[in-house]
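A.B. asks: The primary structure of each chain is shown beneath.
There are 2 protein chains.
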Amino acid sequence: MANDIKARDSADQVAPLRPLYLEDLAVGQEFTSRSYPLDEAAIIAFARQYDPQPFHIDPEAAKDTFFQGLAASGWQTMAITMRLLTESLPIGSGLIGAGAEIGWPQPTRPGDALHTVARVLEITPSRSKPDRGFVTVHTQTLNQRGEVLQNVTTRILTFRRPA
Amino acid sequence: MANDIKARDSADQVAPLRPLYLEDLAVGQEFTSRSYPLDEAAIIAFARQYDPQPFHIDPEAAKDTFFQGLAASGWQTMAITMRLLTESLPIGSGLIGAGAEIGWPQPTRPGDALHTVARVLEITPSRSKPDRGFVTVHTQTLNQRGEVLQNVTTRILTFRRPA
Chain A
1 MANDIKARDS ADQVAPLRPL YLEDLAVGQE FTSRSYPLDE AAIIAFARQY DPQPFHIDPE
61 AAKDTFFQGL AASGWQTMAI TMRLLTESLP IGSGLIGAGA EIGWPQPTRP GDALHTVARV
121 LEITPSRSKP DRGFVTVHTQ TLNQRGEVLQ NVTTRILTFR RPA
Chain B
1 MANDIKARDS ADQVAPLRPL YLEDLAVGQE FTSRSYPLDE AAIIAFARQY DPQPFHIDPE
61 AAKDTFFQGL AASGWQTMAI TMRLLTESLP IGSGLIGAGA EIGWPQPTRP GDALHTVARV
121 LEITPSRSKP DRGFVTVHTQ TLNQRGEVLQ NVTTRILTFR RPA
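The listed protein sequences correspond, in order, to chains A and B.
Per UniProt numbering, the very first residue in the first sequence carries number 1; after that it's consecutive.
Per UniProt numbering, the very first residue in the second sequence carries number 1; after that it's consecutive.
Check each hint, because a few of them may be wrong.
As the list claims (entries may be wrong) - The following label-pair restraints were derived from C-beta to C-beta distances:
| no. | chain 1 | residue 1 | chain 2 | residue 2 | range |
| --- | --- | --- | --- | --- | --- |
| 1 | A | E23 | B | L121 | 36 to 46 Å |
| 2 | B | D24 | A | R160 | 26 to 36 Å |
| 3 | B | Y21 | A | V27 | 44 to 54 Å |
Worth flagging that the hints you see were computed from the coordinates, not collected in a lab.
All C-beta atoms, glycine included, are put in the ideal place defined by N, C-alpha and C.
Next up, chain A with everything else stripped away, as it sits in the complex (with noise of 0.2 Å):
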């Protein structure tokens, strides 16, 4: 789709994205973003101000538990996927989630770079304010190997161009 082409564009950050409203939106639009590389350094400082577990600090610790190995605490492979998401989904009012579901099928590794693909479930414009409605997302956050490691639908409130 037309703005597919204008999301990867972000990732050389040529352009700034053609701000999206409400009424720019169609179910199955998809956005993909840039590569976010990630190395045990970056897991280990995030997880020791955030989630400080022997399996997201510990690199030796960690290969007896569950993980088996260092692992990215979720809530960072969270923090990426937003991140990359205000770089590839242009709304034009800004991503304000109401809220969020979200599942880990695998940990993210040192040494994988992440990217998102995003693509809207659904439209639905408020009955009471017809300046806006809520855009649900599906955004999917893979690695290097294609491997999707987080799975989050949010719904986000979205304004329609203003006037």
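We have chain A; now place chain B onto it with these hints.
C.D. replies: Using the frame of chain A, we list chain B on its own:
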């Protein structure tokens, strides 16, 4: 409940909490965290890295947005919630999340001090693997005025006490 008192001790970082395994958990148990203060600089620093939208990084520009002033990224509220859970919900095998459902009834603001109250909703032993089960936990994140900033329901993979 008994574990309430232990959980609250973590605020003073006096003693490590007694680790809990699948057989120690019961529906209705509650775990309360210490308080985590959040200022404008911390909100902007997180958002610059993971959610660089005007209403999260620019106090002036934020005034003319939906949020009518600087608001923390919901993913920062979630990351802080995770940090507080690692300190206050002492599951022996760690907090291994399979998935989560999140909602933000109102934004987190500069000057808010956050704490969490986690409550065990459901315990489902695995049918095929007798050493483990899933524990569903509902966590509210509240500010210093008792206003709910976030609701998250998480399914946590939990193991029985090692033999």
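A.B. asks: Quick check on a hinted range of 36 to 46 Å for A/E23 and B/L121, using CB atoms only.
C.D. replies: 40 Å Cβ-Cβ, so the 36 to 46 Å window holds.
A.B. asks: Determine whether the Cβ-Cβ distance between B/Y21 and A/V27 falls within the hinted range of 44 to 54 Å.
C.D. replies: Holds: the Cβ-Cβ distance is about 45 Å, inside 44 to 54 Å.
A.B. asks: Does the Cβ-Cβ separation between B/D24 and A/R160 fall within 26 to 36 Å?
C.D. replies: At 52 Å between Cβs, range violated.
The structure fails hint 2 only (numbered hints given earlier).
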